[in-house]
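Number of protein chains: 2
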Amino acid sequence: MASQARIEPVGIGMLGLGVVGSAVARTIVERHGEQDPAASLSIKSALVRDLERKRPVELGPSIVTLDPKSVIANPEVGIVIELMGGENPAFDYISSALRAGKHVVTANKEVMCKRGAELLSIAAENDVQLLYEASVGGGIPIIGPLVNDLTANKIQGVRAIINGTTNFILTKMAHEGADFNDVLSEAQSLGYAETDPTADVDGFDALYKISVLARLAFHTEVPIEAIYREGIREVHAKDFRYASELGFTIKLLAVAQINKDLGLLARVHPALIPIDVPMATVNGVLNAVEIEGDLVGSLWFQGPGAGPNPTASAVMGDVLRIVNYWGAPIARRVEQPQLALAQMDDHVCQYYIRLTAADEPGVLAKIASVLGDAEISINSVLQKDTDAERRQADLVIMTHPAIEASIQQAVSSIKKIETVVRLDSLLRVETYAS
Amino acid sequence: MASQARIEPVGIGMLGLGVVGSAVARTIVERHGEQDPAASLSIKSALVRDLERKRPVELGPSIVTLDPKSVIANPEVGIVIELMGGENPAFDYISSALRAGKHVVTANKEVMCKRGAELLSIAAENDVQLLYEASVGGGIPIIGPLVNDLTANKIQGVRAIINGTTNFILTKMAHEGADFNDVLSEAQSLGYAETDPTADVDGFDALYKISVLARLAFHTEVPIEAIYREGIREVHAKDFRYASELGFTIKLLAVAQINKDLGLLARVHPALIPIDVPMATVNGVLNAVEIEGDLVGSLWFQGPGAGPNPTASAVMGDVLRIVNYWGAPIARRVEQPQLALAQMDDHVCQYYIRLTAADEPGVLAKIASVLGDAEISINSVLQKDTDAERRQADLVIMTHPAIEASIQQAVSSIKKIETVVRLDSLLRVETYAS
Numbered sequence: 050m051a052s053q054a055r056i057e058p059v060g061i062g063m064l065g066l067g068v069v070g071s072a073v074a075r076t077i078v079e080r081h082g083e084q085d086p087a088a089s090l091s092i093k094s095a096l097v098r099d100l101e102r103k104r105p106v107e108l109g110p111s112i113v114t115l116d117p118k119s120v121i122a123n124p125e126v127g128i129v130i131e132l133m134g135g136e137n138p139a140f141d142y143i144s145s146a147l148r149a150g151k152h153v154v155t156a157n158k159e160v161m162c163k164r165g166a167e168l169l170s171i172a173a174e175n176d177v178q179l180l181y182e183a184s185v186g187g188g189i190p191i192i193g194p195l196v197n198d199l200t201a202n203k204i205q206g207v208r209a210i211i212n213g214t215t216n217f218i219l220t221k222m223a224h225e226g227a228d229f230n231d232v233l234s235e236a237q238s239l240g241y242a243e244t245d246p247t248a249d250v251d252g253f254d255a256l257y258k259i260s261v262l263a264r265l266a267f268h269t270e271v272p273i274e275a276i277y278r279e280g281i282r283e284v285h286a287k288d289f290r291y292a293s294e295l296g297f298t299i300k301l302l303a304v305a306q307i308n309k310d311l312g313l314l315a316r317v318h319p320a321l322i323p324i325d326v327p328m329a330t331v332n333g334v335l336n337a338v339e340i341e342g343d344l345v346g347s348l349w350f351q352g353p354g355a356g357p358n359p360t361a362s363a364v365m366g367d368v369l370r371i372v373n374y375w376g377a378p379i380a381r382r383v384e385q386p387q388l389a390l391a392q393m394d395d396h397v398c399q400y401y402i403r404l405t406a407a408d409e410p411g412v413l414a415k416i417a418s419v420l421g422d423a424e425i426s427i428n429s430v431l432q433k434d435t436d437a438e439r440r441q442a443d444l445v446i447m448t449h450p451a452i453e454a455s456i457q458q459a460v461s462s463i464k465k466i467e468t469v470v471r472l473d474s475l476l477r478v479e480t481y482a483s
Numbered sequence: 050m051a052s053q054a055r056i057e058p059v060g061i062g063m064l065g066l067g068v069v070g071s072a073v074a075r076t077i078v079e080r081h082g083e084q085d086p087a088a089s090l091s092i093k094s095a096l097v098r099d100l101e102r103k104r105p106v107e108l109g110p111s112i113v114t115l116d117p118k119s120v121i122a123n124p125e126v127g128i129v130i131e132l133m134g135g136e137n138p139a140f141d142y143i144s145s146a147l148r149a150g151k152h153v154v155t156a157n158k159e160v161m162c163k164r165g166a167e168l169l170s171i172a173a174e175n176d177v178q179l180l181y182e183a184s185v186g187g188g189i190p191i192i193g194p195l196v197n198d199l200t201a202n203k204i205q206g207v208r209a210i211i212n213g214t215t216n217f218i219l220t221k222m223a224h225e226g227a228d229f230n231d232v233l234s235e236a237q238s239l240g241y242a243e244t245d246p247t248a249d250v251d252g253f254d255a256l257y258k259i260s261v262l263a264r265l266a267f268h269t270e271v272p273i274e275a276i277y278r279e280g281i282r283e284v285h286a287k288d289f290r291y292a293s294e295l296g297f298t299i300k301l302l303a304v305a306q307i308n309k310d311l312g313l314l315a316r317v318h319p320a321l322i323p324i325d326v327p328m329a330t331v332n333g334v335l336n337a338v339e340i341e342g343d344l345v346g347s348l349w350f351q352g353p354g355a356g357p358n359p360t361a362s363a364v365m366g367d368v369l370r371i372v373n374y375w376g377a378p379i380a381r382r383v384e385q386p387q388l389a390l391a392q393m394d395d396h397v398c399q400y401y402i403r404l405t406a407a408d409e410p411g412v413l414a415k416i417a418s419v420l421g422d423a424e425i426s427i428n429s430v431l432q433k434d435t436d437a438e439r440r441q442a443d444l445v446i447m448t449h450p451a452i453e454a455s456i457q458q459a460v461s462s463i464k465k466i467e468t469v470v471r472l473d474s475l476l477r478v479e480t481y482a483s
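Residue numbers (this note's numbering), protein chains in the order written: chain Y, 50 to 483; chain X, 50 to 483.
Calculated directly from the structure, the hints in this document are not laboratory data. Be careful, since some hints might not be right.
Identical copies look the same in the list; a pair holds intra-copy or inter-copy alike.
Below, simulated DSBU-like cross-link-like pairs (lysine-lysine); rule was C-alpha separation at most 35 Å, straight line [to be verified]:
id: 1; residue 1: K287; residue 2: K103
id: 2; residue 1: K103; residue 2: K203
id: 3; residue 1: K287; residue 2: K433
id: 4; residue 1: K309; residue 2: K103
id: 5; residue 1: K465; residue 2: K163
id: 6; residue 1: K118; residue 2: K415
id: 7; residue 1: K203; residue 2: K433
id: 8; residue 1: K163; residue 2: K221
id: 9; residue 1: K415; residue 2: K287
id: 10; residue 1: K415; residue 2: K163
id: 11; residue 1: K415; residue 2: K464
id: 12; residue 1: K415; residue 2: K103
id: 13; residue 1: K118; residue 2: K221
id: 14; residue 1: K464; residue 2: K203
id: 15; residue 1: K203; residue 2: K309
id: 16; residue 1: K464; residue 2: K433
id: 17; residue 1: K465; residue 2: K433
id: 18; residue 1: K309; residue 2: K163
id: 19; residue 1: K103; residue 2: K464
id: 20; residue 1: K221; residue 2: K287
id: 21; residue 1: K464; residue 2: K287
Hey, can you work out the whole structure from these sequences and the hints?
Put into structure tokens, the structure is as follows:
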């Protein structure tokens, strides 16, 4: 492909023509027709699941097809745009297209997380491009900057809010004091959350994305199993209230950071973040990514993390990049040493512990003693919402920085204290350089 | 050059070896020596002003030179890095280097503003690259995203805080209630402001940068004379106090926006911005750029806008891009229609007017009458700091949106009212979509 002359218009094959696919198709049809002097594109074939369905953009009966081969193996197609999502059959289709000498643009974070290394190798072997800006952060240019603009840096960390659904839910919970299940229902009725919300609320979507970013930022494959993952189902309205009293809000963070002694740790979990850092103001379905480079320092990218048009912006950015560099040799991929992977057990941060405990003397002493034995110091304690009838109260303990393994061990001992009714929440506090 | 094979190491010529130049040179020497498998670089020649001066990086007596030709015309040099700044002689050196078939990377906003179109044409004619990421926003990738990632969008607006010196001064004034001259002296002693601060505090630096961004975002040359420019010397401590009471802070903004009826307007001036927009939290020497694209919506980029290492990050990003695409054809530049330019006189926004007026009945009525005659409605009025002895008070008037030309006319009439002692401040309020 590399030396192939560009024949105008460049033929486009589409895999998937849903909401995002239709936005992409409309952009192609309306902006990059024969008259576009910069990049003339023509959709040659589009795989759909239902030939009869009405779509916002009319492609004609000879274009839409139920047969993936008529997209992938179509000699008129130079660039395949994959917008189906999921690992399979997307992996098969993308790899076949690359092997057939087609450039591929995808918005599929799951396949790029699980099979990305393999797909990028196949692309390199076949001298074609595989671009995936839309797979992370929607319309925010984040893969482009990592691949092209920040290459002089040794990246130290990537910290992001990259799941719009959970950020919408957490923002609502923070502002309205509402509970998770109520806000989830509302998000579902607004179309911000799926009927089965697992991928979002349990942190899988954020995990796929931080894995993709970690590969680029650190030249290191972080297997899914090595990424710590915790969703937001266990965050309660009360936690926002107490966090706020302590000067924090709660966000689902996806983080990949280098600890110079331990290696690279990737983690997805809800975290308390100080209300005065920029990330605390990333509300609703917005996404934000913070990149720490050794030369550049801290950079901040924010924008719409989803939606048909922002995603089309990223997809078409990739398509136009391929068209603009048509015939250019693909930049060499230089193998770089993989970083060692750190364990979540070694992670160090402050912890927020919320307990329901008997409202009687000596309870805090027992808890403090368990924490002390594990060499965990207490930063502050709040006693709240005393229930005189049940003789119970909420106990909110903020620790000084401690090791995850020690906290987990201490917490399991605390649960066994007779006067501790239950552990309600255990949340990490994200560390920001002061 | 395009078809020339890459000979490793790629020879680098440097024009300027000051603080930024030394940071770039150190990065090259320490990271991209013979052993770097990705990009092996070698500094062949470096133009300096003083051969004897000690520098943080030692390049050897055969490398440093007082003769620009030994950089520009050096057959061993493939990429020239220009870090001298200013229009001349930088323009001559850059154009000579491009004509000699060298790729050029520059951090020079002034020459890219004033002579950028010419230089880009010379680069295209000679089939070499001219890259300038470091010229705007220091280490923030902003030119890369506009050129590579956001190409599918029609950009509607670019709004930025892109001068660190003035942002440092205004932040100090806002937080400490200090006056401009005191903070300027402090900034000068800290090295954040030049001995002659004109380029920064009078808005020239921001003007150069917004002109460079406007060229990229709108494919339109905006001549310097067509850009409205106003610096921060006339912003007073009092204005921060009153702005804060009204829910605003004050920043030096550089803006280029399309008004669909009037065309493209570029302007640099201090502006009141609501305290709850992200730009209000961009403090100190940070820079931030907001880009509004028709597909992607609003994007936000923030980071260190200056400093040797952030600038080196951007410069080296460009150098490595050239090395990675060595031998590739330069992407075609497609001529696009220039947008019409709007006039500042037609700009519409709310205005903040601060007057010293006699503290007697009827003053406000007279002012309101002048504004009414100009069809300008008043949104709110504050009367402050009454001086009983002089029988004077501060009058702060916030208008509803009005046309610049009408405001200017009204203000000149207000100045003539006998009971108006003086006009202290006239500031624009930046409009944010609600």
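Results of checking the hints against the structure:
1. Taking the shortest alpha-carbon separations for K287 and K103, neither the intra-copy value of 46 Å nor the inter-copy value of 61 Å comes in at or below 35 Å.
2. Taking CA atoms no more than 35 Å apart as the test, K103 paired with K203 passes between copies only; the shortest distance there is 28 Å, against 49 Å inside one copy.
3. With identical chains, the CA atoms of K287 and K433 are at most 35 Å apart within one copy only, with a shortest distance of 10 Å there and 43 Å across copies.
4. Proximity of K309 and K103 under a CA criterion of 35 Å is satisfied inter-copy only: 33 Å between copies versus 55 Å inside one chain copy.
5. Taking the shortest Cα distances, K465 and K163 never come within 35 Å of each other, neither inside one copy (39 Å) nor across copies (73 Å).
6. Proximity of K118 to K415 under the C-alpha cut-off of 35 Å is found in neither arrangement, the shortest distances being 67 Å within a copy and 78 Å between copies.
7. For the identical chains of this complex, K203 and K433 are neighbours neither inside a copy (45 Å) nor across copies (53 Å), given an alpha-carbon limit of 35 Å.
8. Proximity of K163 to K221 under the C-alpha cut-off of 35 Å is restricted to the intra-copy arrangement: shortest distance 32 Å within a copy versus 48 Å between copies.
9. For the homomeric pair K415 and K287, the shortest alpha-carbon distance inside one copy (24 Å) is at most 35 Å, but the shortest distance between copies (55 Å) is not.
10. Within a single copy, K415 and K163 get their C-alpha atoms no closer than 45 Å, and across copies no closer than 72 Å, so neither meets the 35 Å cut-off.
11. Taking CA atoms no more than 35 Å apart as the test, K415 paired with K464 passes inside one copy only; the shortest distance there is 11 Å, against 74 Å between copies.
12. In this assembly of identical chains, K415 and K103 lie within 35 Å of each other by CA distance neither inside one copy nor across copies; the values are 66 Å within and 63 Å between.
13. For the identical chains of this complex, K118 and K221 are neighbours neither inside a copy (45 Å) nor across copies (63 Å), given an alpha-carbon limit of 35 Å.
14. In this homomeric assembly, K464 and K203 never come within 35 Å of each other (Cα to Cα): the closest approach is 43 Å inside a single copy and 58 Å across copies.
15. In the homo-oligomer, the alpha carbons of K203 and K309 lie at most 35 Å apart inside one protomer (12 Å), although the nearest pairing across protomers, at 43 Å, exceeds that limit.
16. Proximity of K464 and K433 under a CA criterion of 35 Å is satisfied intra-copy only: 19 Å inside one chain copy versus 60 Å between copies.
17. For the homomeric pair K465 and K433, the shortest alpha-carbon distance inside one copy (21 Å) is at most 35 Å, but the shortest distance between copies (63 Å) is not.
18. Within a single copy, K309 and K163 get their C-alpha atoms as close as 26 Å, which meets the 35 Å cut-off; across copies the closest is 45 Å, which misses it.
19. Proximity of K103 to K464 under the C-alpha cut-off of 35 Å is found in neither arrangement, the shortest distances being 56 Å within a copy and 64 Å between copies.
20. When the C-alpha separation of K221 and K287 is checked against a cutoff of 35 Å, the pair qualifies only within one copy, where the shortest distance is 13 Å, while the shortest distance between copies is 37 Å.
21. In this assembly of identical chains, the alpha carbons of K464 and K287 lie at most 35 Å apart only when taken from the same copy (20 Å versus 57 Å across copies).
This entry does not satisfy hints 1, 5, 6, 7, 10, 12, 13, 14, 19, going by the numbered hints stated previously.
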